[in-house]
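These protein sequence lines map, in sequence, to chains L and F.
Numbering of the first sequence is given in the working numbering, commencing with residue 1 and proceeding in unit increments.
Numbering of the second sequence is given in the working numbering, commencing with residue 1 and proceeding in unit increments.
Keep in mind the hints are simulated off the structure, nothing from the lab.
Just so you know, not all the hints are guaranteed correct.
[Said to hold, decoys possible] Under the rule of at most 20 Å between Cα atoms (straight-line distance), these lysine to aspartate or glutamate pairs were calculated in the DMTMM-like manner:
1. 175(L) <-> 122(F)
2. 175(L) <-> 50(F)
3. 409(L) <-> 51(F)
4. 14(F) <-> 690(L)
5. 46(F) <-> 187(L)
6. 409(L) <-> 58(F)
7. 277(L) <-> 292(L)
8. 627(L) <-> 578(L)
9. 11(F) <-> 681(L)
10. 409(L) <-> 50(F)
11. 5(L) <-> 19(L)
12. 46(F) <-> 292(L)
13. 175(L) <-> 72(F)
14. 398(L) <-> 356(L)
In case you want the letters, here they are:
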Amino acid sequence: MESFKIIIDGKECEAYPGETVLEVAERNGIVIPVFCYHKELRPEGACRVCLVEVEGAPRLATACTLRAMPDMVVKTNTERVKKARAGVIELILNNHTLECPICDKAGECELQMVGFRYGPKKSRYREPRREKDIVIQGPLIEIDNDRCILCRRCIRMCGENMGNRVLGIFNRGYKAYISPFNGDFLEGGCEHCGSCIDVCPVGSLLDRAFKYKDRPWRMEKTWTTCTLCGSGCKMEVDTYHGKVKRVVGRIGINNGHNRGYLCVRGKWGWDIVYSDKRLKKPLLKKGEELKEISLEEALRILKEKIEGKEINLFLESSLTNEELSKLSAVFGNTNVTSDALTFSLAVEGIASITGERRTASFSSTEKSDVVFVIGDFIEEVNPVIATLLRLLVIQKGKRLIRVGSYPSKLDAVAFSSLIVSPEEVIDLLKHFIMGTIDLYYSSGDRKIDSAAKALRNKKVAFIIGGTTLFSPDIKEISQTVAYLADRMGNATITVIPPKANSIGVTKLFDLKPPEKLKGSVNVLVNTELERDFPGIELPKAEFTVVFTPFYTHDIAKADLVIPIETGVEKEGKVEGIERTLDLKRAVVPKYQLTEIISQLPYREGSREKRELKIKKKPGESILSGEKGEIYFTLLVNRTGWNSVSYYSGNVAKVAGRRELHLHPEDAKGRKIVTLKGEHGELPISVVENDSLIPGTAVLRVERVTRDLKGLVKFPFTSNFKCRIAEE
Amino acid sequence: MTLEEFRLEVKKLKNSGKYPSRKSYLLPALWIAEKNFPQINSEMIKIIAEELEIPLVEVEEVARFYAMFHTERKGNFVIRVCTNLSCMLNGGEEILKEFCRLLGISPGETTPDGMFTVESYECMGLCDGAPAVTVNEERFSKVKVEDVPKILKKFGWKG
């Protein structure tokens, strides 16, 4: 694009077509005060505090909505502008309660700052201040409407950027106030991402977990990475005297790939560190009881028991690279299983075409024209990635095509969303292989043809993620996608890791299914068997060691339990979706896994180089259903992923429910059904959902518990087959 | 009207094909609720939001924004007295006061028996007949203070 010159305050600035005066000024270091404008949001022009004078224009104009035009001469600091600006601030302050001493926002409040810099010295108003006295308290978010200046940032954030539209303005004019539907966040469908709190320029939207807890200016700020899913969001952890007070994303300031967007787990899941289920001391089994012992003793016993033995290593993939490399040095890296097994299958599938066990970073989507998503429920597994995909469409104007078997929130912004039965996903992708290259190919479905046409001669970023990663077909799907990308050229493939360091685990270890482990000592690190390896029994062994931050069900099976750190206590690096991400310790834990492991003897590694067979052909679906069988996807709710709601008191307040979503054709009006799997049954309440396609069902759970054992079997928890018992 | 009947009405409206987009059916749907129920409550808002596939809060926003929709309980007869310029100059405020005095309530309130709601209103476009009063959808022009009891009696006032 060709740039042109505009003059702001006598300074010649370069501007590009479509830019607003405010954007140009910001880039050139000229400060214009704002309230309703936010970098991440659509400009609104509601607060009028960014008024500037334009030469030749009769009236002052709002810089946030004024498009820059060639030879424009803008003044931001004339007497006229200053007076108007002070007047606007005077009007806003007149009806703003001055509760700064007890307001949680004090110190980082934009109204305070703008008022301090540009505000009037005193108010001319004699009228009493408007008292709305409407405080809306949700489980985690509170709206104090007396402080609100009606800039609508929260509404735009919620409705447009996050796509939820939970907050709205009720009544009008003088009486207007912000509220969710019926004054109830949960009823209104709030996802508790906390973005509204982040963008609020005043202390109107509050984090209830932080309310009256501390003052923003005296807390220590640590930038770290969230490890509660594979999005790897950068976030700021605020601590005071070694205690975590809150987590903030800082939308607009954050330079991580998540740009400050967080989800309920990242924003409120920090208190897993202070969970009452935390393990305090190492435990040793003596007879039938577990006795507390010292760490030295535990290490001595551990050294003795693992010496010369083959070890079955069960890994959870939220561990850092440092921890993983130490674990592989001490316990070996070939007799290992992990919940990243399906992720490694996806990478294998891609590697069988490209010859490289690598996936592109998320930023490859920025350079593409079309984003092609293959995945279901990305918004539940990696909520922030779903938000970023949404923003690619609404902010950057990219086209998004989604292929999946279940409806998704992304469909609302998708150029085309193709929802087919799990068996047909690969066939659908094959239509694309033909359609993108052969101009005259017709799949017989107009929707597929138009989507394939949109891919033709475009730079495409393929994204595989969500629960599709846990489908038995995943290797075949990723192979087909890689084949498609290979044929198109000019395309990248990103697999969204489900856990923080799935990529690191796949790189460092040769993962095996748990049945193939042949060691005599079980070592479980950071895992919960039921959650990470559903339907799997622990192999028989002489000795079982559990490294865990919490009291889990596995402790009953353990001979030795050693506590480790979790959440914001972690330090190190992880291989995230956007290359290597840094973790900084916000709180110092008592027990550190790396320290414990480095006291154990290293063993000689014997890792063979894994061979890669390159076969350039698309995959074939291995799914086949019989009549009466339904494809189920076990979906752990957004709040329950990584057991966050189980350990975090904050997140537990907004935890979802366990329910079965069935198409009305399959539900047949029943309220409760019994699911029959290969090894067991499960009675469960039904929600009719006509957005599903018949023959598929979603089993939503908050936590994977023992009673699901008969239905799902690790590693495939999506698209498994069940029958519904006829009553 | 029960809520089930209301849902059917909204469905009928949605399928009538009168308007180009789904959102356009929102105001007519709210009018059905306003006419058939003493107040528009969250149940009706949920039904409208479900049927028209509009976010819940958007429906509530619209219902709360327009003064002619009652999200608070209203009486059987809503008396609207204009107090805008022409009506005020011709004594609209006295008429409002008279209504309030006779019914023993202040503007915006409902009588305890649930019969009447009195509202001080903005211009209804009846300036030629100022001062103007409407009761539900019936209009009264050039109302004098003496007429007020007559108007009330017409709608079953027993005072």
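Hints and how they fare:
For the given pair, residue 175(L) sits about 17 Å from residue 122(F) by alpha-carbon distance, which is consistent with the 20 Å threshold. Using a Cα cut-off of 20 Å, the hinted pair residue 175(L) and residue 50(F) is violated, with the two alpha carbons roughly 28 Å apart. Between the alpha carbons of residue 409(L) and residue 51(F) the distance comes to roughly 18 Å, so the proposed pair stays at or under 20 Å and holds. Between the alpha carbons of residue 14(F) and residue 690(L) the distance comes to roughly 18 Å, so the proposed pair stays at or under 20 Å and holds.
At roughly 10 Å between alpha-carbon atoms, residue 46(F) and residue 187(L) fall within 20 Å of each other, so this suggested pair holds. In summary, the hint linking residue 409(L) to residue 58(F) is supported, as the alpha carbons are separated by about 18 Å, within the 20 Å threshold. Between residue 277(L) and residue 292(L) the CA atoms are separated by roughly 15 Å; this keeps the pair inside 20 Å, and the hint holds. A distance of roughly 43 Å separates the Cα atoms of residue 627(L) and residue 578(L); the hinted pair therefore is violated under the 20 Å criterion.
A C-alpha spacing of about 39 Å is found between residue 11(F) and residue 681(L), which places the hinted pair above 20 Å, so the restraint is violated. Proximity of residue 409(L) to residue 50(F) is assessed by CA-CA distance (about 16 Å); at most 20 Å being required, the pair is judged to hold. With a CA separation close to 12 Å, the supplied pair residue 5(L) and residue 19(L) stays within the 20 Å bound. For the hint linking residue 46(F) to residue 292(L), the alpha-carbon distance of about 55 Å lies beyond 20 Å, and the restraint is violated.
Restraint check for residue 175(L) and residue 72(F): satisfied, since their Cα atoms lie roughly 15 Å apart, inside the 20 Å limit. In summary, the hint linking residue 398(L) to residue 356(L) is not supported, as the alpha carbons are separated by about 28 Å, beyond the 20 Å threshold.
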